[in-house]
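Trainee: Let's have the full structure, built from the sequences with the hints guiding it.
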Amino acid sequence: GAVVSQHPSRVICKSGTSVKIECRSLDFQATTMFWYRQFPKKSLMLMATSNEGSKATYEQGVEKDKFLINHASLTLSTLTVTSAHPEDSSFYICSAGRPAARYQETQYFGPGTRLLVL
Amino acid sequence: GENVEQHPSTLSVQEGDSAVIKCTYSDSASNYFPWYKQELGKRPQLIIDIRSNVGEKKDQRIAVTLNKTAKHFSLHITETQPEDSAVYFCAAIGDTGFQKLVFGTGTRLLVSP
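So the sequences go chain by chain: F and Y. Numbers 259 to 376, taken from my numbering, label the letters of the first sequence in order. Numbers 13 to 125, taken from my numbering, label the letters of the second sequence in order.
It is worth saying that the hints were derived from the structure and are not from the lab. In this text, all values refer to a predicted model and were calculated from it rather than measured experimentally. Think of the CB as a built atom: it goes at the ideal place given N, C-alpha and C, for glycine as much as any other residue. Hints should not be assumed to be uniformly reliable.
Listed below are several chain F residues computed to face chain Y (Cβ distance under 7 Å; list not exhaustive) [stated by the list, open to error]: (1) F286; (2) L304; (3) E345; (4) G370.
Mentor: If you want it as structure tokens, here you go:
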């Protein structure tokens with residue numbers, strides 16, 4: 259199967275600071291990656307679709323200036339939470355599919371990043 | 013857009029029993045339906061998926077059925093074991109290629125020894 263990594267696994271920061279989360283596809287190239295947010299005991303909520311070499315597509319209600327996404331290479335997408343506040347505390351998960359695979363729809367998830375903003 | 017509903021929200025069974033989780037979707041164009049298992053604090057793991065050209069798929073103790081006419085699909089786990097305890101999410105995707113997944117609300121399965 260495909261391997262997707264995320265870094266850091268958890269981060270604690272002060273209110274007002276920015277936090278960058280990295281999502282990497284380790285053994286395949288991913289032209290598209292997805293960023294999700296998950297609150298405790300809730301489902302995964304898609305935040306944005308990250309496209310290599312172009313601007314991300316954000317879901318309705320997600321502030322693009324708040325959650326900056328950069329997909330500079332075929333194996334790396336980053337999510338930066340700018341001026342973080344306690345309400346941004348959550349579990350952030352990325353996923354990627356394999357464009358060269360027979361079934362491109364299959365998505366593989368990273369291990370997630372738990373963000374706590376104090 | 014696509015909307016996926018999932019039931020039940022919690023399911024408790026005894027070890028060895030079967031468990032069934034059901035999902036409905038709204039977009040008749042959806043053609044890919046994966047199921048993910050998520051343990052506490054971990055990433056969702058794909059356990060089985062089905063495409064719209066088949067009605068049923070089985071992998072050992074796990075099976076998924078799809079009724080396109082009724083727009084619903086179900087996960088069946090037989091001979092449940094305590095390690096099956098987790099949250100299960102169904103999802104649907106509208107088009108082939110890299111389109112976004114829409115997730116159900118999740119089912120917390122508890123298998124008691």
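Trainee: Under 7 Å, Cβ to Cβ, is where G370 of chain F needs to be relative to chain Y, so tell me if that hint holds or is violated.
Mentor: holds, 6 Å
Trainee: Can L304 of chain F be said to touch chain Y, with a Cβ gap under 7 Å?
Mentor: This interface hint holds because 5 Å falls under the 7 Å limit.
Trainee: With a cut-off of 7 Å on the beta carbons, see whether F286 of chain F makes it to chain Y.
Mentor: violated, 13 Å
Trainee: Would you check whether E345 of chain F satisfies its interface hint, that is, whether its CB is within less than 7 Å of any CB in chain Y?
Mentor: violated, 21 Å
Of the hints listed earlier, those the structure fails to meet are numbers 1 and 3, in rising order.
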